[in-house]
Amino acid sequence: AAGVIQSPRHLIKEKRETATLKCYPIPRHDTVYWYQQGPGQDPQFLISFYEKMQSDKGSIPDRFSAQQFSDYHSELNMSSLELGDSALYFCASSPGTYNEQFFGPGTRLTVL
Amino acid sequence: AQTVTQSQPEMSVQEAETVTLSCTYDTSESDYYLFWYKQPPSRQMILVIRQEAYKQQNATENRFSVNFQKAAKSFSLKISDSQLGDAAMYFCAYRSRETSGSRLTFGEGTQLTVNP
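Residue numbers (our numbering), protein chains in the order written: chain X, 117 to 228; chain S, -2 to 113.
Warning: the hint list may mix true and false statements.
Computed list of lysine to any residue pairs in SDA-like fashion (alpha-carbon distance at most 25 Å, straight line) [claimed, not checked]:
(1) X:Lys173 with S:Asp23
(2) S:Lys52 with X:Tyr214
(3) S:Lys70 with X:Gln160
(4) X:Lys168 with S:Lys52
(5) S:Lys75 with X:Glu216
(6) X:Lys138 with S:Lys52
(7) X:Lys138 with S:Ser39
(8) X:Lys168 with X:Ser181
(9) X:Lys173 with S:Tyr30
(10) S:Lys67 with S:Ser39
It should be emphasised that the hints constitute simulated quantities derived from the structure, not laboratory data.
Treat the numbers as computed from the prediction; the structure is a model and nothing was measured.
Use the sequences and the hints to build the structure in full.
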């Protein structure tokens, strides 16, 4: 069965640089969620989209932005990267907003 | 805002034995879901089991079962016949059915070690 695809799987950036993380949901899933998991921490909700509209917003820094495109894939754009942005970023998708969320493998971002 | 608490940072169990992981949560809502997720060393988030708050019957999935006490806001996970592959970080999570967005709120996690 198809799963959530995230790219890249690993990303290394310097401070103050920009990064773009991509998420391709399971086919026919119209809802995408982004979570950030710092080292030794639990995942923290960042933002979600339903039918290409933002549906919920969590503790996402103003330096980050995200959107969902017409093909339902989503991108998380991160600017002015800081050391503290080093984390595992998960994307999850679901068919509708009240169904099970299926997680992707995550993108590991390292900021040097 | 809802909070989820896992008071056991680490637990260990002997292979083939039973272990129970604890989780409590705080909410003013009456309609919600509770989940247990497993995160092995690969860091993949894997859904283990889920419970709808309106259901009185405790959920069961093979060797995994929960003890859901709605009044006490408690949601523990029991793993029977523990296997080496059960070793992982386990996260308890809450999701509202009353507010928009349906984000998951996670507890701090419990690292489970399975000893051969």
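Here is what the structure says about each hint:
no.	hint	in the structure
1	X:Lys173 with S:Asp23	holds (20 Å)
2	S:Lys52 with X:Tyr214	holds (16 Å)
3	S:Lys70 with X:Gln160	holds (21 Å)
4	X:Lys168 with S:Lys52	violated (32 Å)
5	S:Lys75 with X:Glu216	holds (21 Å)
6	X:Lys138 with S:Lys52	violated (37 Å)
7	X:Lys138 with S:Ser39	holds (20 Å)
8	X:Lys168 with X:Ser181	holds (14 Å)
9	X:Lys173 with S:Tyr30	holds (19 Å)
10	S:Lys67 with S:Ser39	violated (33 Å)
Checked against the numbered hints above, the structure breaks hints 4, 6 and 10 and satisfies the rest.
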